[in-house]
Amino acid sequence: MRLRPSVALFGLALVASACSSASTTATAAPQPAVVAAPAVNPVGRWAVALSAQGQALDVTLELRHIGGAEYGGSITSQMFPPVSVSRATLTGNVLRMIFVAPTGDEATMSATFEGDTFTGEWAMPGDGSRISGRRIP
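Take any residue in the sequence shown, count from 1 to its spot, add 3: that is its number in our numbering.
If you're looking for bench data, these hints aren't it; they were derived computationally from the structure. The structure presented is a predicted model; accordingly, all values stated were derived computationally and were not measured. Any given hint could turn out to be false.
[To be verified] Pairwise CB distance ranges, derived in the manner of DEER restraints:
no.	residue 1	residue 2	range
1	Ser54	Pro84	15 to 21 Å
2	Ser113	Arg48	14 to 20 Å
3	Pro128	Asn44	29 to 35 Å
4	Gly107	Ile139	27 to 33 Å
The C-beta atom is built at its ideal place from N, Cα and C for all residues, glycine as well.
I would like the entire structure built from these sequences, with the hints used as guidance.
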């Protein structure tokens, strides 16, 4: 029996179609979303040395993660009642915080983290200084 060229071409086309659809139905396993880890983890307790009104002052900064780049926490000292950190945002390894100082003024603190230490500054109207901190258990 002799096949007509059109029938032979139809058969080849059908086989090629089946092969190509078989290869397109196989899909790669979905890849998990890659989420970049923060450059540093500021969560925890920090011993902070600073100057206020010209006097050396040691405070404890406690930070907790709220979500995304947002953090919250408190600043405590034997010299004043606990102060809430009203807003803190982490960008790279720099945490910028806003809080109300014991005087009632809005104050800011900026800390650049490197491992379990940081340096930076704090400021409020009429006062401020360099700061340094280290993680504490």
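Hints, verified against the model:
1. Between serine 54 and proline 84 the beta carbons are some 20 Å apart, a value that agrees with the proposed interval 15 to 21 Å.
2. As the Cβ distance of serine 113 to arginine 48 is approximately 19 Å, the hint placing it in 14 to 20 Å holds.
3. A beta carbon spacing of about 32 Å between proline 128 and asparagine 44 agrees with the range 29 to 35 Å that was offered as a hint.
4. The hinted window of 27 to 33 Å between glycine 107 and isoleucine 139 holds, with their beta carbons roughly 28 Å apart.
Violated hints are absent here; each numbered hint is respected by the structure.
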